[in-house]
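Number of protein chains: 2
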Amino acid sequence: MVSKSQIKLITSLGQKKYRQKNGLFVAEGIKVIQELLNSDFQLEKLFACEAIFDVSEDQFVLADVRDLKKMSFLKTPQTALALFKIPQQDLEEVLDELTVVLDGVRDPGNLGTIIRLCDWFGVKNLVCSKDTVDCFNPKVIQSTMGSITRVNVVYKNLAEFLQSQDLVSYGTFMEGENVYQKKLRQKAVLVMGNEANGISLEIEKLISEKISIPQFSQSQETESLNVATATAIFLSEFRRK
Amino acid sequence: MVSKSQIKLITSLGQKKYRQKNGLFVAEGIKVIQELLNSDFQLEKLFACEAIFDVSEDQFVLADVRDLKKMSFLKTPQTALALFKIPQQDLEEVLDELTVVLDGVRDPGNLGTIIRLCDWFGVKNLVCSKDTVDCFNPKVIQSTMGSITRVNVVYKNLAEFLQSQDLVSYGTFMEGENVYQKKLRQKAVLVMGNEANGISLEIEKLISEKISIPQFSQSQETESLNVATATAIFLSEFRRK
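Residue numbers (this note's numbering), protein chains in the order written: chain A, 1025 to 1265; chain B, 1025 to 1265.
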């Protein structure tokens, strides 16, 4: 049976400060939990309607639909919810492959989509500014669909990180060079900016190559591409060659 | 002042059957409303905290923050909400340019993103199966950011539509040919499938060319790309050449 204090703990994990205090995050649904169990992530507790996973007795808590509804961050709760330990993640000292860098991405769905894209396109390291949304946010974990187990997400002071690397850095700007006509190096960092403001002034100074996706419509009103769809197109351009 | 019956009407427009019955849809926020006002869409009523738009007196209703909160479909209500008439949209008889076709896309956010992508990449016509989410759903309208005024979205029996066209049809399948190595024709239809099941069997038979985006990660577990990000990459491939 699920205790009141467990429900209180889990709902508190919607907030970053409680995730950090407890060193725990929430994953929901069989697919995501299974992938986390198959990876290096460490299970703390599993709450489920039946014993569907092979976990030790003291890690398993039988939960009914009402309990799961109280704990869930989803509109439609799944049949299982798990707590995992937040791992210590860091980078190798020097990177020599394509790395994605996020400067202030705020939307959990965008970060989740970008982690999935990194997984698809074989990008192992995703470096986020400290003001980028936390990758252990329940919505991010949900939308990564398990990709979080294959992409190393780290939070860094971006200016220091970029200065410490010898790689060419590509940044996306409206006035950047047409990415379709540009020779892209594979050993590089690709910097994507905030949803509303793009790349910050501090980071812009550290970008070696400005690139953009040309617009094909005639209208002045057309909104720029969303950061997740733009990342999809840039990663596709890096890998297609 | 906003009447109770107006609030009741507006909240009912979250459902497709009431949108169809009343021939109206909801748009929220200054940017989206302004773009609709600048287009061929016809305003029915505007509710706002102040007279920010140049509309006739009988179309304007002064609304306070509390009213807007009751009417809004957003977590954070905007300072303006408007009702527009649902237009009659149809296609030219014969298409001779790149057209996107959606077979059963269900998520409003995905449809909104795809409409924005069509706008960016200059795709004028988006043909949706009857079971694709309604483009006048408030969440779709919101996420299109005004692109709905520049993309002609029509709902059709897809099998009949595809049979009536002479264009080559590209469909996205896991086992399709590598899109990076394929010569793509510009006068074509690009068919994208449902989030969970892809393109339906009925439509698969009508596809002339199966294409795919290669996966660059080694893992068997990697989830296939989301329909909106895949559409971004395919449209980029069509236009880059």
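These are calculated hints, taken from the structure and not from any lab test.
There's no promise every hint is true.
As the list makes no split between identical chains, a pair holds if one copy fits it or if it spans any two.
To be verified - Here are the simulated lysine to aspartate or glutamate pairs, DMTMM-like style, with alpha carbons at most 25 angstroms apart:
1. Lys-1099 - Glu-1121
2. Lys-1045 - Asp-1120
3. Lys-1163 - Asp-1131
4. Lys-1265 - Glu-1233
5. Lys-1055 - Glu-1219
6. Lys-1180 - Asp-1082
7. Lys-1265 - Glu-1199
8. Lys-1093 - Asp-1120
9. Lys-1094 - Glu-1228
10. Lys-1265 - Glu-1201
11. Lys-1109 - Glu-1247
12. Lys-1055 - Asp-1131
13. Lys-1032 - Glu-1116
14. Lys-1099 - Asp-1158
15. Lys-1206 - Asp-1082
16. Lys-1069 - Glu-1116
17. Lys-1211 - Glu-1184
18. Lys-1055 - Glu-1245
19. Lys-1109 - Glu-1121
20. Lys-1055 - Glu-1247
21. Lys-1099 - Asp-1131
Exercise for the section: Check Lys-1055 against Glu-1219 for me: Cα-Cα at most 25 angstroms, and say if that holds within a copy, between copies, both or neither. Expected result: So Lys-1055 and Glu-1219 pass the 25 angstroms test across copies only (16 angstroms; inside, 29 angstroms).
Problem - Copy assignment of Lys-1180 with Asp-1082, given that the CA separation must stay at most 25 angstroms - result: The answer is neither: 36 angstroms in one copy and 55 angstroms across copies each exceed 25 angstroms.
Practice task
If the cutoff is 25 angstroms on CA atoms, where do Lys-1032 and Glu-1116 land: within, between, both or neither? Let me know, please.
Solution key: For Lys-1032 and Glu-1116, neither the intra-copy (37 angstroms) nor the inter-copy (58 angstroms) Cα distance is at most 25 angstroms.
Exercise for the section: Please work out whether the CA atoms of Lys-1099 and Asp-1131 approach to 25 angstroms or closer within one copy, between two copies, in both situations, or in neither? Expected result: both (18 angstroms within a copy, 14 angstroms between copies)
Handout entry: Homo-oligomer pair classification [Glu-1233, Lys-1265; C-alpha up to 25 angstroms]
Key = Both: 18 angstroms inside a chain and 22 angstroms across chains, each within 25 angstroms.
Exercise for the section: First find the shortest C-alpha distance between Lys-1045 and Asp-1120 inside one copy, then the shortest across copies, and answer within, between, both or neither for a cut-off of 25 angstroms. Expected result: For Lys-1045 and Asp-1120, the Cα distance exceeds 25 angstroms both inside one copy (34 angstroms) and across copies (59 angstroms).
Handout entry: Intra- versus inter-copy proximity for Asp-1158 and Lys-1099 (alpha-carbon distance at most 25 angstroms)
Key = both (21 angstroms within a copy, 21 angstroms between copies)
Practice task
State whether the alpha carbon distance between Lys-1265 and Glu-1201 is at most 25 angstroms within one copy, between copies, both, or neither.
Solution key: Both. Shortest intra-copy (18 angstroms) and inter-copy (16 angstroms) distances satisfy the 25 angstroms Cα cut-off.
Handout entry: Intra/inter-copy verdict for Lys-1055 and Glu-1245 if alpha-carbon distance must be at most 25 angstroms
Key = between (41 angstroms within a copy, 10 angstroms between copies)
Problem - Alpha-carbon proximity between Lys-1109 and Glu-1121, which holds within one copy, between copies, both or neither at 25 angstroms - result: neither (28 angstroms within a copy, 52 angstroms between copies)
Exercise for the section: With 25 angstroms as the alpha-carbon cut-off, assign the pair Lys-1069 and Glu-1116 to within, between, both or neither. Expected result: neither (30 angstroms within a copy, 58 angstroms between copies)
Problem - Copy assignment of Lys-1055 with Asp-1131, given that the CA separation must stay at most 25 angstroms - result: both (23 angstroms within a copy, 20 angstroms between copies)
When each numbered hint is compared with the structure, violations occur for hints 1, 2, 6, 8, 9, 13, 15, 16, 19.
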